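Chemist: Mapped onto our numbering, the consecutive letters of the sequence shown carry residue numbers 61 to 164.
Among these hints, one or two may not hold up.
Unchecked claim - Here are the simulated EDC-like pairs of lysine to aspartate or glutamate, each with C-alpha atoms no more than 20 Å apart in a straight line:
#, residue 1, residue 2
1, K84, E113
2, K77, D91
3, K137, D107
4, K64, D91
5, K74, D94
6, K84, E72
7, K84, E67
8, K84, D94
9, K77, E67
10, K74, D91
11, K75, D91
12, K84, D144
13, K65, D94
14, K65, D91
15, K75, D94
16, K84, D118
Unchecked claim - Label pairs and their computed distance ranges (CB to CB):
#, residue 1, residue 2, range
17, E136, Y104, 16 to 26 Å
18, K65, G128, 20 to 30 Å
19, F129, D94, 11 to 21 Å
Read the hints as simulated data drawn from the structure, not as lab findings.
As the structure is a computational prediction, the values presented were derived from the model and not from experiment.
No residue lacks a Cβ here, since even glycine has one placed at the ideal position from N, Cα and C.
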Amino acid sequence: MTSKKYEKRTREYKKSKTFPYVYKAGPFFIDATDRGNAAKYAHYACDFNMRTEKWQLDGKLDGFVALGFFAGRQIEKGEELTIDYNYDVDEHNFSVWPLLSMRN
Numbered sequence: 061m062t063s064k065k066y067e068k069r070t071r072e073y074k075k076s077k078t079f080p081y082v083y084k085a086g087p088f089f090i091d092a093t094d095r096g097n098a099a100k101y102a103h104y105a106c107d108f109n110m111r112t113e114k115w116q117l118d119g120k121l122d123g124f125v126a127l128g129f130f131a132g133r134q135i136e137k138g139e140e141l142t143i144d145y146n147y148d149v150d151e152h153n154f155s156v157w158p159l160l161s162m163r164n
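Please build the complete structure, drawing on both the sequences and the hints.
Modeler: The structure is reproduced here in structure tokens:
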């Protein structure tokens, strides 16, 4: 979403006392607070089994990036999917900023 939409949503989250989970992706923001895909089931672990990569996608808006989760090793059937959140809390904007180890 754009910065303008992010600011509006942040005000709404503060009003409803909802703690947002937002990724900065180039000039855009990815809000995983209420919606997401299967990646939302990945949990934190010190000994994580997936890595996160940031990708620029052809044909998308300039500056738009996508996050991808990739197995860092063989993951067994039934094993929990885990990543390193490596996040910081922005108390002023009431947001979580994951500082994921992203490579282009």
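Chemist: Output the numbers, in ascending order, of every earlier hint that fails for this structure.
Modeler: Hint check: nothing fails, all pass.
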